[in-house]
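**Student:** Starting from the structure of chain X, add chain F where the hints point.
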Amino acid sequence: MGEEMEIGCARPTGGPVGESVETDEKKVDKKIKEGPKMIKVGQKAPDFNAPAYQKGKFISIKLSEYLGKWVALCFYPGDFTFV
Amino acid sequence: MSIDSIFVHKMWDDKELSKMVTGGIPFPMLSDAGGKVGTVYGIYDEVAGVETRGRFIIDPEGVVQGFEVLTPPVGRNVQESIRQIQAFQLVRDSKGTQATPSGWQPGKPTLKPGPDLVGKVWEVWKPDMAF
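Protein chains in written order, with this note's numbering: chain X, 1 to 83; chain F, 84 to 214.
With the rest of the complex left out, here is chain X:
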């Protein structure tokens, strides 16, 4: 039977249970040790492509298409996550 979960502002996720395969564990360790690299102010924003939804349409967005404009790029934990 599923137990009721406490719901916070982060998107609820799960993961594998029990001992993980050794090679997989090494991979994860390495990734975490390297850590996320923060980009720097005064440097070029990394370009990207991303699918998007805007006013009833599914579109493709490329950051570099916004050259010549000011851009506020906002990330957030997930749709329907309260804040």
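By construction, these hints were calculated from the structure, which means they are not laboratory data. Here the structure is a predicted model, which means the values were calculated and not measured. Just to be clear, a hint being listed does not mean it is correct.
Incomplete in silico selection of chain F near chain X, CB under 7 Å [what the hints assert, rightly or not]:
#1 S85
#2 M112
#3 R138
#4 P143
#5 V147
#6 I168
For each residue, glycine too, the CB sits at the ideal point set by N, CA and C.
**Tutor:** Using the frame of chain X, we list chain F on its own:
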């Protein structure tokens, strides 16, 4: 941008956001499956599998002028983001001859950095102007 699919973005806009904002969200809601873009920007939380609340101001040359990252439970101050963009726009329009002191708002005095201002900021800027 979040790790949700564009289909979920549509449902969120249809079912909830359009009830807060007339006509729904006007700007593109971007999808970043797997957090690939968020990882490059340094705000993807691999353990939780979500993007943290990162906000980047990018100028017309594509250069990052500022960013802010919050953990999920605290929301952004949109007015502060707009103020920062206005300040960066003023500095850019002045070709770097002006700077905006702490607490600057549009219409308030700027600073003109140069030899005459060294040691004299106290004459033109007071701490109560920060608030």
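**Student:** Of the numbered hints stated earlier in the document, which are not met by this structure?
**Tutor:** none
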